[in-house]
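There are 2 protein chains.
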Amino acid sequence: MSQIKNDLFLRALRGESVQRPPVWMMRQAGRYLPEFMEIKEKYDFFTRCRTPELASEITVQPIRRYGMDAAILFSDILVIPQAMNIEVEMKPNFGPWLPDPIREPKDLERVVVPDINDSLGYVMDAIKMTKEKLNDEIPLIGFAGSPWTILCYCVQGQGSKNFDKAKEFCFTEPEAAHALLQKITDTTILYLKEKVKAGVNAVQVFDSWGGMLSPTDYQEFSWQYIQQIVDALKHETHVIVFGKGCWFALNVMAQSGASALGVDWTCSARNARYLSGGNITLQGNFDPSRLFSPPSEITKMVTQMIREFGKDRYIVNLGHGILPNIPLENVEAFINAVKDYKE
Amino acid sequence: MSQIKNDLFLRALRGESVQRPPVWMMRQAGRYLPEFMEIKEKYDFFTRCRTPELASEITVQPIRRYGMDAAILFSDILVIPQAMNIEVEMKPNFGPWLPDPIREPKDLERVVVPDINDSLGYVMDAIKMTKEKLNDEIPLIGFAGSPWTILCYCVQGQGSKNFDKAKEFCFTEPEAAHALLQKITDTTILYLKEKVKAGVNAVQVFDSWGGMLSPTDYQEFSWQYIQQIVDALKHETHVIVFGKGCWFALNVMAQSGASALGVDWTCSARNARYLSGGNITLQGNFDPSRLFSPPSEITKMVTQMIREFGKDRYIVNLGHGILPNIPLENVEAFINAVKDYKE
Numbered sequence: 003m004s005q006i007k008n009d010l011f012l013r014a015l016r017g018e019s020v021q022r023p024p025v026w027m028m029r030q031a032g033r034y035l036p037e038f039m040e041i042k043e044k045y046d047f048f049t050r051c052r053t054p055e056l057a058s059e060i061t062v063q064p065i066r067r068y069g070m071d072a073a074i075l076f077s078d079i080l081v082i083p084q085a086m087n088i089e090v091e092m093k094p095n096f097g098p099w100l101p102d103p104i105r106e107p108k109d110l111e112r113v114v115v116p117d118i119n120d121s122l123g124y125v126m127d128a129i130k131m132t133k134e135k136l137n138d139e140i141p142l143i144g145f146a147g148s149p150w151t152i153l154c155y156c157v158q159g160q161g162s163k164n165f166d167k168a169k170e171f172c173f174t175e176p177e178a179a180h181a182l183l184q185k186i187t188d189t190t191i192l193y194l195k196e197k198v199k200a201g202v203n204a205v206q207v208f209d210s211w212g213g214m215l216s217p218t219d220y221q222e223f224s225w226q227y228i229q230q231i232v233d234a235l236k237h238e239t240h241v242i243v244f245g246k247g248c249w250f251a252l253n254v255m256a257q258s259g260a261s262a263l264g265v266d267w268t269c270s271a272r273n274a275r276y277l278s279g280g281n282i283t284l285q286g287n288f289d290p291s292r293l294f295s296p297p298s299e300i301t302k303m304v305t306q307m308i309r310e311f312g313k314d315r316y317i318v319n320l321g322h323g324i325l326p327n328i329p330l331e332n333v334e335a336f337i338n339a340v341k342d343y344k345e
Numbered sequence: 003m004s005q006i007k008n009d010l011f012l013r014a015l016r017g018e019s020v021q022r023p024p025v026w027m028m029r030q031a032g033r034y035l036p037e038f039m040e041i042k043e044k045y046d047f048f049t050r051c052r053t054p055e056l057a058s059e060i061t062v063q064p065i066r067r068y069g070m071d072a073a074i075l076f077s078d079i080l081v082i083p084q085a086m087n088i089e090v091e092m093k094p095n096f097g098p099w100l101p102d103p104i105r106e107p108k109d110l111e112r113v114v115v116p117d118i119n120d121s122l123g124y125v126m127d128a129i130k131m132t133k134e135k136l137n138d139e140i141p142l143i144g145f146a147g148s149p150w151t152i153l154c155y156c157v158q159g160q161g162s163k164n165f166d167k168a169k170e171f172c173f174t175e176p177e178a179a180h181a182l183l184q185k186i187t188d189t190t191i192l193y194l195k196e197k198v199k200a201g202v203n204a205v206q207v208f209d210s211w212g213g214m215l216s217p218t219d220y221q222e223f224s225w226q227y228i229q230q231i232v233d234a235l236k237h238e239t240h241v242i243v244f245g246k247g248c249w250f251a252l253n254v255m256a257q258s259g260a261s262a263l264g265v266d267w268t269c270s271a272r273n274a275r276y277l278s279g280g281n282i283t284l285q286g287n288f289d290p291s292r293l294f295s296p297p298s299e300i301t302k303m304v305t306q307m308i309r310e311f312g313k314d315r316y317i318v319n320l321g322h323g324i325l326p327n328i329p330l331e332n333v334e335a336f337i338n339a340v341k342d343y344k345e
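For the protein sequence lines, the chains are A and B, in the order given. Quick note, this note's numbering runs 2 ahead of the 1-based positions in the first sequence. Quick note, this note's numbering runs 2 ahead of the 1-based positions in the second sequence.
It should be emphasised that the hints constitute simulated quantities derived from the structure, not laboratory data. Some hints here could point you the wrong way.
It does not matter which identical chain is meant; a pair holds if it fits inside one copy or across any two.
[Stated by the list, open to error] Derived DSS-like pairs (lysine-lysine); straight-line CA-CA distance at most 27 angstroms: (1) Lys344 <-> Lys7; (2) Lys195 <-> Lys185; (3) Lys93 <-> Lys167; (4) Lys93 <-> Lys44; (5) Lys7 <-> Lys341; (6) Lys42 <-> Lys167; (7) Lys7 <-> Lys167; (8) Lys167 <-> Lys302; (9) Lys167 <-> Lys130; (10) Lys302 <-> Lys341; (11) Lys302 <-> Lys199; (12) Lys236 <-> Lys302; (13) Lys195 <-> Lys302; (14) Lys163 <-> Lys93; (15) Lys185 <-> Lys236; (16) Lys135 <-> Lys199; (17) Lys135 <-> Lys42; (18) Lys313 <-> Lys344; (19) Lys133 <-> Lys195.
If you're wondering where the values come from, they're calculated on a predicted model, not measured in any experiment.
Build the full structure now, drawing on both the sequences and the hints.
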C-alpha cells in the first residue's frame, strides 16, 4: 500500500491521537457546487456514475475547492439493486424510481447475486482513475447502502417518509424479506471487497433508513446483515457504519469490529460517547440545515462540536448529506473551522 | 365535572395503580375503518372537521367497533394556522397544501392571534356533541400540534422528509421564526383552554417533527413553546406531550408538569423509563407498521410490550398514527390484547 500524505482520517480511524480531527462531508460531491452543476446539465445521473472520467472528476471537485481530509467516490447506493437485476431509474426532481418493485415472494426469482466485475466494473475503473487524480494526497472512501436500506427502495419503489410498503413486506413475508436481505448482503460483500482491491482506503455502510425500525426489528432486519458485512471486510479495510436515527443501536455497533460509527445530529456528542461506550471513533454530526446559518455562527458551532466530541477518535462530518442551495462560503466556514481548530 | 364510567385512562394519567393499562390509538378515527371511508367519500376533509355532526360521528366510530378506553376528537392540527389567517388546503392523495407559505419576515404581518370562538367555534361544538354521544362512558381527548410542528407546515407549505425550508427559515431568520412560534403558542393556549371549557378531559400536544431538530435547537425552537402550553394548561387538565423522535428530550419533558409523555417505537420501554426518570406515565409505542403482522403475533407483541413498560403509569398506544390499509382484525387483536392482559 502506498503512503497517503495526509493520513489524519486514517489515524482517526485507528484511534490515534491527532492535532485536529479530520473533516469530510457526506455528499460533498454534489449539488451545492457550481462545477458539479455544469456536469449535471450535460450528463444524466447514471451516466455520471458509469463514466469513470466523470465520476472521478466529480469526486475530486470538492477536494480542489475546499481540501477535505478524505474523498468519497461519487456513486449511488442503488447501483447494487441495478446489478442484481432490479431496474432503477433516477427521475429528475423526484429521485429514485423502480418501475418493477419487489412486492411478493415470487418477485425474488429474478433477483441475482451478480458477478461484480461484469456488472459493476465501471465503479472499479472510477476508483482507479480517482486514485490517480488524488495522487495519494488523501484517502478515498468507498460506500454501500445497508441491506435494509436497499430493501426499502427495492420494495417501496421510490423514496418515502415511512417506507410503509417495505415494512409491510417484511412483517407479512418475513422469509422472503430475509432471502432478499441475504442476497443484497452477499452482493454488497463481494462489491466492497472489489472496491478495496481497486484501491479505496476505507468503506462506509449507509443505513439511511435503519431509524424507521424498532430496536428489536432493527436487529432482525438490519443489523445482523450489517454485521456480516463488517465481519467480511474488517480485516481488509476500515469499516464505518452510519445508521441515521439508530442511536438505540450504538452499543451493539460499537462491539461489531467497525472502525468508526456515524452519528446524526439528534444524538448529542455526550449521548453518542455514552451509548457507544466511549472508545470507538465517532463521525458526525452537524445538522445539514445548520449550514444555512451565517458563516460566523457556523465557525462557533463547529468549534463547540469538536470540544464536545473531543479532538481524538473523532471525524468531523455532517449528520446526513449536504443539502442543495447551501452557500459556498458557508461550506468554507465549516471546513476551515476544523482546520483552524486549536485546543 | 361529571363522573366518567371507564376512568382507566384518567387513572393512568394520575399515576394510580390499575388492573390493566388503558388503550387508544393515535388516528384511531380514520382511513382503516370502512364506516369512516363512507363519510370520506361524501364530504371533503375540512367539511368533516367543521361539521360537528360529522366530526363527532367520526370520533365515536372506532369506540363503537372496538371499545377503546379514550376517544380523541376528529380534527386536524392545521385548523390553527387556518384560524391565524394562513390558508391551508387538504389535497386528496397529497396531504396539506399551503398556497401562500411564510417565507420572509414580512409574511408575518398577515398572521393574527384570532378570537377562538369566532374562528374555531366549530371545534367546541363538535366537542359538546361528542360528549353527548359518549355519554360519560369514556374520556375525550383534545389536541393541538406543537408550535414547531405547525411552523414546519406554515413555512414548508406541505409535508416533507426533512422540512428543509422550515429549518432554513429558523436558522436564517431566527427573530421572525420566534415571533411566529410565539403567535402560534398564544393561539394554541387560548384554543386548548376553550377545548377544556367545552368538555375535553385531557389534551395532547403532537410534536410530530420535533425529531428533525438537534437537542440544542429543539430547546430553542420547540420545547420552550411546548413548556408555555403545559404551564398554561396543567392546572386545568391533563397534558400529554408526544414528540416523535424526541427521545433526547424525555428528561426535560418529564419535569415539565405534563401528566404523560408519548414515546415512539424507536425508544424501547427500558430506554423510555430510564430517560424519563421512571416516575411519569408513558404512552406508546407499537410500530404502526407492526399492525401488518398476523393477529396472533400482534397479541404476543402487545403483551410483551405491556410487560416491558409495566401495567402502571402506562397507556397503550401506537408510536405514531395508524396507517391506512391495516386489516380490521389486526386492530381488534391489538385492542383485545390489552383488555385481556393479566399479570
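Status of each hint after checking the structure:
1. Proximity of Lys344 and Lys7 under a CA criterion of 27 angstroms is satisfied intra-copy only: 21 angstroms inside one chain copy versus 66 angstroms between copies.
2. In the homo-oligomer, the alpha carbons of Lys195 and Lys185 lie at most 27 angstroms apart inside one protomer (16 angstroms), although the nearest pairing across protomers, at 56 angstroms, exceeds that limit.
3. In this assembly of identical chains, Lys93 and Lys167 lie within 27 angstroms of each other by CA distance both inside one copy and across copies; the values are 20 angstroms within and 22 angstroms between.
4. Taking the closest pair of Cα atoms, Lys93 and Lys44 come within 27 angstroms of each other only inside a single copy of the chain (15 angstroms); across copies the shortest separation is 36 angstroms, beyond that limit.
5. Taking the closest pair of Cα atoms, Lys7 and Lys341 come within 27 angstroms of each other only inside a single copy of the chain (16 angstroms); across copies the shortest separation is 66 angstroms, beyond that limit.
6. Within a single copy, Lys42 and Lys167 get their C-alpha atoms only as close as 31 angstroms, which misses the 27 angstroms cut-off; across copies the closest is 23 angstroms, which meets it.
7. Taking CA atoms no more than 27 angstroms apart as the test, Lys7 paired with Lys167 passes in neither setting, with 47 angstroms inside one copy and 40 angstroms between copies.
8. In this assembly of identical chains, Lys167 and Lys302 lie within 27 angstroms of each other by CA distance solely across copies; the values are 23 angstroms between and 42 angstroms within a copy.
9. For a Cα distance limit of 27 angstroms, the shortest separation of Lys167 from Lys130 qualifies neither inside one copy, at 38 angstroms, nor across copies, at 39 angstroms.
10. For the identical chains of this complex, Lys302 and Lys341 are intra-copy neighbours only, at 13 angstroms inside a copy versus 54 angstroms across copies, given an alpha-carbon limit of 27 angstroms.
11. Proximity of Lys302 and Lys199 under a CA criterion of 27 angstroms is satisfied in neither setting, with 40 angstroms inside one chain copy and 47 angstroms between copies.
12. Proximity of Lys236 and Lys302 under a CA criterion of 27 angstroms is satisfied in neither setting, with 36 angstroms inside one chain copy and 38 angstroms between copies.
13. For the identical chains of this complex, Lys195 and Lys302 are neighbours neither inside a copy (40 angstroms) nor across copies (41 angstroms), given an alpha-carbon limit of 27 angstroms.
14. For the identical chains of this complex, Lys163 and Lys93 are neighbours both inside a copy (18 angstroms) and across copies (17 angstroms), given an alpha-carbon limit of 27 angstroms.
15. Taking the closest pair of Cα atoms, Lys185 and Lys236 come within 27 angstroms of each other only inside a single copy of the chain (20 angstroms); across copies the shortest separation is 54 angstroms, beyond that limit.
16. With identical chains, the CA atoms of Lys135 and Lys199 are at most 27 angstroms apart within one copy only, with a shortest distance of 17 angstroms there and 71 angstroms across copies.
17. When the C-alpha separation of Lys135 and Lys42 is checked against a cutoff of 27 angstroms, the pair qualifies only within one copy, where the shortest distance is 20 angstroms, while the shortest distance between copies is 60 angstroms.
18. For the homomeric pair Lys313 and Lys344, the shortest alpha-carbon distance inside one copy (9 angstroms) is at most 27 angstroms, but the shortest distance between copies (52 angstroms) is not.
19. In this assembly of identical chains, Lys133 and Lys195 lie within 27 angstroms of each other by CA distance solely inside one copy; the values are 16 angstroms within and 65 angstroms between copies.
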